[in-house]
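**Q** These are the residues of each chain, in order.
Protein chains: 2
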Amino acid sequence: MTATTGFARDDQSEEELRREAEVAGGLAGAVRGLVDAVIRTEADEAELDDVRRQVDALAERLRARQLPGPYGVRIGDGGRIRNWGNAVVGVRNAVAPPLVIERVEGRVRSEFALGAAYEGPPGLVHGGVCALVLDQILGEAATAGGHPGMTGTLTLRYRRPTALGELCAEAEIDRVEGVKAIVRGRLMTPDREPTVEAEGIFILPRWARGQLAAT
Amino acid sequence: MTATTGFARDDQSEEELRREAEVAGGLAGAVRGLVDAVIRTEADEAELDDVRRQVDALAERLRARQLPGPYGVRIGDGGRIRNWGNAVVGVRNAVAPPLVIERVEGRVRSEFALGAAYEGPPGLVHGGVCALVLDQILGEAATAGGHPGMTGTLTLRYRRPTALGELCAEAEIDRVEGVKAIVRGRLMTPDREPTVEAEGIFILPRWARGQLAAT
Chain D
9 MTATTGFARD DQSEEELRRE AEVAGGLAGA VRGLVDAVIR TEADEAELDD
59 VRRQVDALAE RLRARQLPGP YGVRIGDGGR IRNWGNAVVG VRNAVAPPLV
109 IERVEGRVRS EFALGAAYEG PPGLVHGGVC ALVLDQILGE AATAGGHPGM
159 TGTLTLRYRR PTALGELCAE AEIDRVEGVK AIVRGRLMTP DREPTVEAEG
209 IFILPRWARG QLAAT
Chain P
9 MTATTGFARD DQSEEELRRE AEVAGGLAGA VRGLVDAVIR TEADEAELDD
59 VRRQVDALAE RLRARQLPGP YGVRIGDGGR IRNWGNAVVG VRNAVAPPLV
109 IERVEGRVRS EFALGAAYEG PPGLVHGGVC ALVLDQILGE AATAGGHPGM
159 TGTLTLRYRR PTALGELCAE AEIDRVEGVK AIVRGRLMTP DREPTVEAEG
209 IFILPRWARG QLAAT
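As you go down the protein sequences, you meet chains D and P in turn.
Heads up, the working numbering is the position in the first sequence plus 8, with the first residue counted as 1.
Heads up, the working numbering is the position in the second sequence plus 8, with the first residue counted as 1.
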């Protein structure tokens, strides 16, 4: 796979984007269902082998025309960011739940559900998945507050176990020190009891500053 | 989905386990390929819609007989742990790369590759995916050193960008303080240049202590 470090220019119209999100996103959603089914199925060996052959054949069809490397991040008019391959929010990526993150008064928040594919201890969300989700949420809070950046440090405090199922998360910039945005956030049960608290420092590297300015 | 907090007893023979890992693990591997293909495909809408219908049908077949909830963690003879649904190491879980973690002289290590499904910034591993992988590696180092536990705190320092592709990671217990194991680890390029450093505190909660003792 060719690594394509760098932001690409996104020239698609809103209507084209809407269609692609619906069709490719719909397929990714179906694959999320398949991921869950493979973990939990008790079908017999012959059935699993046959499904495997068909999955291979479907992947082969999709690969007949494909990008040479990862999806990357495309930037359109007005700073619109299309990160559909992203491991947390990517609508084309079945590894991503995917989170839909909304901005509300200088804060970002998301409500989502994590199923069997995100398990660590029995019945619980993997501690690393809590970190994965919070890293994205904190990063988006930095961006929403006008300080986009990459993670410099991330500190997580696990207050109590996080059960699989419905969850929510939120984050906001605590303060800005030069090129660093210090962001706080938390993962919570639906009734807003925090299970994991996070603090992160986000910094925009020089190479990205130049590229973002050029798009 | 029913959350099934608690460890289950694993009575399968080594031979049965080997077969299931091969067949179900092979299917999960095929689904990993499909996840990557969905992110990167440039196939047209009609093709994506048709593949979607077939993916839905395959998931439906697998769901004809399935576990009522997540896979859980099963514990067999000699403390053998089967966590095949795990989000990092689960052989049945297409969200997991999956990592194979080996124990070498009081340290754990793993070599693995992360492709398009783990992207954050363009061409780079998502910062949260680095955290996800390191949480698992550090937890296994705690277990390997005789101090299994759940993550209490996790601190990550991002030293440089982590490119998608071949990577390795390692961790070891730094010290033990009462019920806490303090563990250090790092994510590295194939030539062992650290990209992300981690320190974690792992604690075995009381409910898990009782359950592990009872298996």
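These are calculated hints, taken from the structure and not from any lab test.
As the structure is a computational prediction, the values presented were derived from the model and not from experiment.
Hints may be right or wrong, so weigh each one.
If chains are identical, the list can't say which one is meant, so a pair holds when it fits in one copy or spans any two.
With a cut-off of at most 20 Å between alpha-carbon atoms, the simulated SDA-like pairs for lysine to any residue come out as follows [stated by the list, open to error]: (1) K188 <-> R167; (2) K188 <-> D52; (3) K188 <-> W215; (4) K188 <-> P169; (5) K188 <-> R168; (6) K188 <-> T163; (7) K188 <-> L212; (8) K188 <-> L75; (9) K188 <-> I209; (10) K188 <-> G157.
**Q** Each hint should be assessed against the structure and marked as holding or not.
**A** Each hint, compared with the structure:
no. : hint          : verdict
1   : K188 <-> R167 : between (26 Å within a copy, 15 Å between copies)
2   : K188 <-> D52  : neither (54 Å within a copy, 42 Å between copies)
3   : K188 <-> W215 : within (16 Å within a copy, 40 Å between copies)
4   : K188 <-> P169 : between (31 Å within a copy, 17 Å between copies)
5   : K188 <-> R168 : between (29 Å within a copy, 16 Å between copies)
6   : K188 <-> T163 : both (15 Å within a copy, 17 Å between copies)
7   : K188 <-> L212 : within (8 Å within a copy, 35 Å between copies)
8   : K188 <-> L75  : neither (34 Å within a copy, 46 Å between copies)
9   : K188 <-> I209 : within (6 Å within a copy, 26 Å between copies)
10  : K188 <-> G157 : within (8 Å within a copy, 33 Å between copies)
In summary, the structure is inconsistent with hints 2, 8 from the numbered list given earlier, while agreeing with the others.
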